[in-house]
Amino acid sequence: MGRYVARRLLQMIPVFIGTTVIIFVLTLAIGGDPVQNLYGERPVPDSVRIALTEQYHLDEPWYVRYWYYLSGLVQGDFGNSLNGRPILDMIAEAWPHTLRLAFIALIVESIIGIGAGLMAGLKRGSFVDNLVLLSTLTVISVPIFVIGNVAQIFIGAKWQLLPPSGTLEGWQSYLMPGIVLGSVSLAYIARLTRASVSENLSTDYVRTARAKGLPSRRIFSVHVLRNSLIPVVTYLGVDIGTLMGGAMVTERIFNIPGVGFNVFKATQIEDGPVLVGFVSMLVIIYLLASLLVDLLYAVLDPRIRYV
Amino acid sequence: MRGAKSAKWVASAIVVAMAATACGGGSEGDDSGSASGKVSMDIAEPKRLIPATTTESSGNQVLSALFTPLVNFDDENKPVMAAAESIESEDNKTWTIKLKDATWHNGDPVTAQNYVDAWNWGAYGPNAADGNYFFGTFEGYEAMNPTDPDGEEGPKEAPEPEADKLSGLKAVDDKTIEVTLSAPFSGFASLLGYTVFYPMPEVAFDDVEAYEEAPIGQGPFKMDGEWQHDQLVSVTAYEDYKLGDKPKIDAIDFKIYQDQNTAYNDLLAGNLDILRTIPTEVMGTAQSDLGDRYKTSPASTFQFLAYPTYEDAYEDVRVRKAISMAIDRDQIVDVVFQGSQEAARSFVSPVVGGYRENTCGEACKFDPEAAKALLDEAGGFKGDKIEFGYNADGGHKQWVDATCDQIRKNLDLECVGTPIPKFAELLTQVENEQFGGPFRMGWIMDYPSMENYLGPLFSTGGSSNYYGYSNEEFDKLVADGRAAKTEEEAIEIWQKAEDILAEDMPVIPLRFGKNVFGHSESVNGVEIDLYNNVVLDKIETA
Chain A
3 MGRYVARRLL QMIPVFIGTT VIIFVLTLAI GGDPVQNLYG ERPVPDSVRI ALTEQYHLDE
63 PWYVRYWYYL SGLVQGDFGN SLNGRPILDM IAEAWPHTLR LAFIALIVES IIGIGAGLMA
123 GLKRGSFVDN LVLLSTLTVI SVPIFVIGNV AQIFIGAKWQ LLPPSGTLEG WQSYLMPGIV
183 LGSVSLAYIA RLTRASVSEN LSTDYVRTAR AKGLPSRRIF SVHVLRNSLI PVVTYLGVDI
243 GTLMGGAMVT ERIFNIPGVG FNVFKATQIE DGPVLVGFVS MLVIIYLLAS LLVDLLYAVL
303 DPRIRYV
Chain B
11 MRGAKSAKWV ASAIVVAMAA TACGGGSEGD DSGSASGKVS MDIAEPKRLI PATTTESSGN
71 QVLSALFTPL VNFDDENKPV MAAAESIESE DNKTWTIKLK DATWHNGDPV TAQNYVDAWN
131 WGAYGPNAAD GNYFFGTFEG YEAMNPTDPD GEEGPKEAPE PEADKLSGLK AVDDKTIEVT
191 LSAPFSGFAS LLGYTVFYPM PEVAFDDVEA YEEAPIGQGP FKMDGEWQHD QLVSVTAYED
251 YKLGDKPKID AIDFKIYQDQ NTAYNDLLAG NLDILRTIPT EVMGTAQSDL GDRYKTSPAS
311 TFQFLAYPTY EDAYEDVRVR KAISMAIDRD QIVDVVFQGS QEAARSFVSP VVGGYRENTC
371 GEACKFDPEA AKALLDEAGG FKGDKIEFGY NADGGHKQWV DATCDQIRKN LDLECVGTPI
431 PKFAELLTQV ENEQFGGPFR MGWIMDYPSM ENYLGPLFST GGSSNYYGYS NEEFDKLVAD
491 GRAAKTEEEA IEIWQKAEDI LAEDMPVIPL RFGKNVFGHS ESVNGVEIDL YNNVVLDKIE
551 TA
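Chains as they are written, first to last, in the working numbering: chain A, 3 to 309; chain B, 11 to 552.
Be a bit skeptical, because a hint or two may be false.
Claimed, not checked - Stretch by stretch, here's where chain B covers chain A in the computed footprint (C-beta under 8 angstroms, at least three residues):
| no. | region |
| --- | --- |
| 1 | 46-57 |
| 2 | 80-89 |
| 3 | 153-167 |
Unchecked claim - Dumping the calculated EDC-like pairs for lysine to aspartate or glutamate here, alpha-carbon to alpha-carbon at most 16 angstroms:
| no. | chain 1 | residue 1 | chain 2 | residue 2 |
| --- | --- | --- | --- | --- |
| 4 | A | K267 | B | D269 |
| 5 | A | K267 | B | E55 |
| 6 | B | K185 | B | D111 |
| 7 | B | K57 | A | E43 |
| 8 | B | K185 | B | D127 |
| 9 | A | K160 | B | D547 |
| 10 | B | K256 | B | D547 |
No wet-lab data here; the hints were simulated from the structure.
Backbone N, C-alpha and C define an ideal beta-carbon position, used for all residues, glycine too.
Make the full structure from the sequences, and use the hints.
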């Protein structure tokens with residue numbers, strides 16, 4: 003187990019370098035003129051151009067800049083945004099927002115998603131089953147910005163049940179965006195659980211368990227549920243990575259200054275340093291999340307062992 | 011003003027879970043319904059909050075609460091004294107500014123040296139202040155901003171500036187500043203109304219980055235806590251404010267939005283009091299949504315299409331005029347912009363003194379027959395098609411395409427709109443003479459003077475004269491106006507310069523901006539000034 007974890011951690015190094023190089027090269031490949039973008043349609047004063055070019059090594063080739071970046075990173079320095087803010091500060095401020103959103107989304111999608119999936123899977127063809135299928139289909143097929151805007155206009159502006167945007171009213175502010183963010187995954191989880199449950203119900207070991215007279219409660223919780231959750235946990239793990247990456251669309255609609263919000267803004271103004279900083283962080287989180295999921299398999303399924 | 015009528019019932023199991031995990035721990039919202047005298051207003055994340063480096067609208071708005079400028083502007087957009095007691099000059103070259111008594115928010119007196127230090131900081135090239143170019147008229151500016159010897163592409167870097175102080179700027183005593191300009195400039199007092207010319211306290215220079223997280227000013231409001239990036243800047247009334255009338259409200263929350271539509275929904279929900287710009291997407295319904303809380307006022311923006319001087323097809327002034335005459339500005343304003351902008355038929359904005367209606371004359375009057383006749387007289391259009399360049403990220407596609415349709419119909423010419431991803435790329439193409447058609451430009455005034463339109467946009471080598479228009483007589487008139495004895499005289503000369511533009515038609519004036527804004531039922535007296543800032547001392551809570 004220990005060796006396995008160590009090996010996985012070591013594998014992360016080349017993955018990390020590879021992904022950051024790609025992002026570095028891609029942000030440069032956008033071309034354009036980041037200094038001019040800072041100024042919109044105004045002329046950039048020469049002095050500003052000279053100072054920024056020097057500070058961010060804008061006139062150096064990408065590998066030199068990447069080297070500056072990596073050596074800074076090793077010393078815990080993510081560099082500064084083109085506006086002069088330390089990127090580490092920006093990450094530290096953005097993270098809690100995204101975490102809260104992700105937390106709500108995860109709770110909503112796992113409780114409601116798994117719950118609905120179980121009910122539907124255990125009683126296939128029933129009214130509940132059809133209801134779950136139909137409603138999840140609807141959610142999956144409507145794009146998230148439509149769900150977000152509709153929720154904001156009705157729940158936020160017209161009925162005024164929850165704050166329409168921002169983060170200034172405590173946890174209430176995160177409730178609506180969190181639910182919206184979790185809604186699509188919720189639908190997938192419900193369907194995944196349903197399929198997995200109904201498949202497990204017809205397996206040999208469940209039939210055997212029934213035949214030897216185990217109480218149906220025990221059959222369900224030990225044999226069906228546990229096995230059905232493996233694909234769901236896989237999905238949730240991937241989803242954690244995605245959620246931590248912030249939700250560009252949702253955070254933008256609801257004005258939540260989280261990770262996605264910052265990445266979106268940086269993309270728009272072509273703030274390369276910010277983009278690379280945030281994405282490097284995301285890469286690390288994604289790698290850690292997938293490691294965590296792999297380890298969780300072993301907990302759910304004793305047959306899986308890591309050496 | 012308050013948030014959602016927080017229906018606690020929405021909070022189901024999730025809420026319990028949230029509470030249990032203390033995840034919503036940072037509940038900052040006050041649920042005190044009608045917090046009296048507190049007003050909220052939308053801004054975007056300010057770029058910086060240091061006066062000399064703030065030239066965009068959100069930063070300006072916040073700093074306008076924290077600082078009082080040397081001059082304000084009256085209803086005719088003429089400067090009136092605010093933080094300055096008097097601004098005088100014999101020759102328009104050496105100016106003496108006397109200050110009123112005032113204190114910083116930390117209690118220290120404001121001195122002339124505070125202004126001098128702040129301006130020197132702004133003018134010093136390596137500080138890379140956005141407002142750096144505002145000090146270009148001061149004597150000694152060149153020594154602080156050496157130019158790169160081999161251009162920005164070259165390998166050499168610009169030399170270290172020889173000076174870190176403007177030679178034409180000194181504090182004579184605690185209350186007197188003396189400014190020497192490199193050339194006479196009659197409109198200097200108007201220039202001083204801008205954000206860039208606010209003073210900075212001594213403490214600011216110890217650590218400018220730290221200062222900007224909670225700027226200390228001398229204005230009607232002071233910071234309440236720090237700048238919460240991407241969320242909020244809070245200010246409260248400054249009790250010892252002496253530079254003018256005390257504001258009628260106690261506090262302002264500048265809420266930071268990334269998307270105007272979100273802010274609009276917040277306004278409808280009563281979560282936001284003042285929305286400074288109503289987004290175009292909701293313009294159709296905003297009037298009925300808001301009723302008499304939907305407001306407009308003239309803004310300084312000027313949208314136009316510029317002819318590339320390097321392109322032969324547009325060399326004949328008759329061709330340039332014909333294209334302009336084939337455009338129905340009013341129709342585009344009504345249909346595409348739903349009345350949120352105004353048709354432009356002059357080369358300077360209505361917000362500056364000296365503006366005259368319709369200086370462009372016949373050439374801006376929609377007249378398809380005359381346009382066609384003029385084009386035929388010029389021997390037709392020499393190129394194969396008219397190409398309108400615009401940046402694709404600015405929401406310009408609709409009106410450019412509509413304009414092209416009009417030209418196609420009225421002049422029987424092929425016309426296409428050519429999107430270019432970013433404005434910067436469009437400029438690069440123009441600079442390299444790669445783009446062969448008229449391209450869109452927009453201009454926002456820096457200081458309220460005709461000269462601020464004529465100088466940068468049309469004089470030879472003007473900072474935003476990307477299209478290369480050059481007319482010696484025009485240049486001379488603009489310079490003469492700057493040197494004129496009085497503002498009135500200057501305006502008269504500049505108006506003559508504007509008439510030359512109407513003859514030469516280097517650009518097609520299209521639209522002037524309008525501030526379209528709205529407010530909630532809990533505030534009154536919301537006005538927007540010519541710098542696009544909400545006038546803070548007129549707001550009242552209802």
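Q | In rising order, the numbers of the hints this structure does not comply with | A | Number 9 only.
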